[in-house]
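Please work from the sequences and hints to get the whole structure.
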Amino acid sequence: MKVFITSCFIFASAFVSAQVQFQAGKGSIADFLRQHTIYPSFSRANCIQGTVNVSFKLNEQGKIYFSKITKGILTDLDDEALRLVRLSSGKWQVPSGYDTTTAVVIPVNFKLEGYQCEGKSKSAMQAAIRVYQSEEALTNSVINFYKNIDQAKPGQEAQFIAIKKQLGIDDEYLNSRIETGLKKIKQGDNQGACEDFSFVKNMGSTLADVYLSKYCK
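When the sequence shown is numbered by numbering that gives the first Met the number 0, its final residue is 216 and no position is left out of the sequence of numbers.
A couple of the hints might just be wrong.
To be verified - When the alpha-carbon atoms are kept at most 25 Å apart in a straight line, the in silico DSS-like pairs for lysine-lysine are as follows:
| no. | residue 1 | residue 2 |
| --- | --- | --- |
| 1 | LYS163 | LYS152 |
| 2 | LYS164 | LYS152 |
| 3 | LYS67 | LYS182 |
| 4 | LYS182 | LYS62 |
| 5 | LYS121 | LYS70 |
These are computed hints drawn from the structure, not numbers from a lab.
Shown next, in the form of structure tokens:
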């Protein structure tokens, strides 16, 4: 059976007299992350695993008002780790007198099991990460083009259609991004879903327009 495991631990600043606590039913923060992880497609397909450190700050109501990656893998796992932590906003218990400027760090560990990744070497994983970064740069160029398509020169779109083909960004892929967005909607993660729907739109497609209209006003 193909499964993945996400686990984490919490570290608070040594200067904090009382630590924050995760509270969401009877489960731990590790359980919460495991239940909500949507393993990103590129990293899953290329057996990329590892730990992403996410730093965040909580207000007095236990809501996250600031978050960032402090140590990443430099693939779509970084985005998923950040999304998961932001999804936990409002589910933290903050003790009286807590310093809300204190940063809490969660190392989110991504591990694949059952995907024939056991024999994947570190060098192969690093090569895949470099491919991701190269493709990300090309993807961003396509996004920038369609965001500013009103300023495009005649015939220029053909160049970016060719880039999309090179990257494998076709209707099948865009529909998979929509499906991922709909999974996030079910989790209550409208922000993450709208990012997926916006990605589809910024690829010059209208496939996600109905969802942008429904969920992202």
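A quick look at each hint next to the structure:
1. LYS163 / LYS152: holds, 18 Å
2. LYS164 / LYS152: holds, 20 Å
3. LYS67 / LYS182: holds, 23 Å
4. LYS182 / LYS62: holds, 23 Å
5. LYS121 / LYS70: holds, 18 Å
Going down the numbered hints, you'll see the structure goes against none, and every one checks out.
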